[in-house]
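For chain A, the structure is supplied; the task is to place chains B and C on it using the hints.
The chain contents come next:
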Amino acid sequence: MIKRLFILMMLAVMAVIFLNLAGNYRENTELSRLGHYYAENGPQELGAPNLVTAVVVTYRGLDTLGEVTVLFISAAGVGLLLRRTRRKQDDEDLEQGDRAEETAGVHKPASEIVETATELLLPMVILFGIYVFLNGHLSPGGGFQGGAIIASGTMFLLLALPESHISRLMIAVIESLSGFSYVVVGVLGVLLAGGFLDNRIIDPGTYGALFSAGAIPLIYVFVGLKVGFELSAVLDRFRKEDTGPL
Amino acid sequence: MSLIADTPISLIVLCSGLALVLIGLWGMLTQRNMIRMIVGFSLTDTGVHMVMVSIGYVTGGTAPIINDAVPIAEAASRVVDPVPSALVLTAIVIGLGVTAVMLSVAIRIYKARRTLMIDECTESKW
Amino acid sequence: MTVPVITLLTILLCSGILISGLLAVTLNNLLSAVISAGLASLFASVVYVVLAAPDVAMTEASIGSGLTTMIFLYAIRKTRGED
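Residue numbers (my numbering), protein chains in the order written: chain A, 1 to 246; chain B, 1001 to 1126; chain C, 2001 to 2083.
One chain only, chain A, in its complex shape:
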């Protein structure tokens, strides 16, 4: 009881601080100086109509590299925490049990509606994901959103065909290749243009065309692939029904 009172008091103090903040809030009528600079010079400098993409990929590109790294570490952490560990002696037992389980199918099969819908929708979902990250510099969306859409396609697959097996090797290869290429593009920016992750290493092309804005679509393709496969791996880890004692 006394604990709950303490929590209530703490929340009340926070509420007072928040009320003070909200009371002094005035809606902006013009952009901040940084936002003004980006809005004024972003389109000419980088050739990307979507300013949020310009900020995420180029102006604050290093932060995005850090974000991708954090996501990678958290995916690796999930993999480490949810791995199947077995004691030595019942290793073989479990191995056999595992295999029997896999062939007998412990998972309930999905209903026919889900299976048919997945067959129809999965290619379109993947295609939409690719569309979103290819058009990241023109319309809302980008690598992270496209990657999440691809991962939801994987989720469809896992729901409809619980038996399906996703190759860890394929995920690892695609993920590390795209991460590596992302850093290579960044270093090329140092060598050929103004600095790390500068997008002007490729000719910007016509403003508003699909293949324009220099290296931004290229970087977003790598980010999209990396995020999509990483999130698919996380979902796959969470799905696995493990039998062994930890």
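There's no promise every hint is true.
Stated by the list, open to error - Interface residues of chain B toward chain C, partial, derived using beta-carbon atoms under 10 Å:
{"no.": "1", "residue": "I1012"}
{"no.": "2", "residue": "A1019"}
{"no.": "3", "residue": "Q1031"}
{"no.": "4", "residue": "S1042"}
{"no.": "5", "residue": "I1072"}
{"no.": "6", "residue": "S1104"}
Keep in mind the hints are simulated off the structure, nothing from the lab.
Heads up, the beta-carbon is just placed ideally off N, CA and C, and yes, glycines get one too.
Just chains B and C now, kept in the frame of chain A:
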């Protein structure tokens, strides 16, 4: 009536975001079930994102995409601030990563002790 | 003086967020609590469209309310038997 009509929409979103932060904190501090605590965390996360997006709003602004709808010459006076949007984009993705790690720790503890109640994990309590 | 439609819409969506947030911390059933938290996220993504931040709205809808809810559901399935 005129009070509601004069309230800017970003202020409404700001207040609800702050209220959601408080709700999430309440959930995190009072629940004893680990998954419920993580639900509270994800609510707090959403609340913080709402606050940040509402701060970037400019009265009557449109989305920061400079194409036929918003000519380059008028860009700086018509769009909302792209910087908070970019920050929130990062924060949402990292929020998912943090939630995934927290849930897998909870699953791991459940596997070891067959319980999700935080009160029964007393080893590191002081 | 009439209230602008956009203000009404924002108030409606924000009250939706707050109600689903409250449900998420008070409901007894864990599954319903997780779904309510996902619903709060979904309402928030519509609010971001109203505040002219479509990029954030897309991210919140696909990651915040889609994938997060999904991994919560998988975690509940793995820790079955607890409430």
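Checked hints:
Satisfaction of the interface hint for I1012 of chain B is found here, the shortest Cβ-Cβ separation to chain C being roughly 5 Å, below the 10 Å cut-off. At a threshold of 10 Å, the smallest CB-CB gap from A1019 of chain B to chain C is about 6 Å, leaving the interface hint in force. Interface restraint check for Q1031 of chain B: the shortest CB-CB distance to chain C comes to about 7 Å, inside 10 Å, so the restraint holds. The beta carbon of S1042 of chain B is positioned within 10 Å of a beta carbon in chain C (closest approach about 6 Å), and the interface hint is therefore held.
Here the hint on I1072 of chain B is broken, as its CB sits about 18 Å from the closest CB of chain C, past 10 Å. Because the closest C-beta pair between S1104 of chain B and chain C is about 8 Å apart, less than 10 Å, the hint holds.
Taken one by one, the earlier hints fail for this structure only at number 5.
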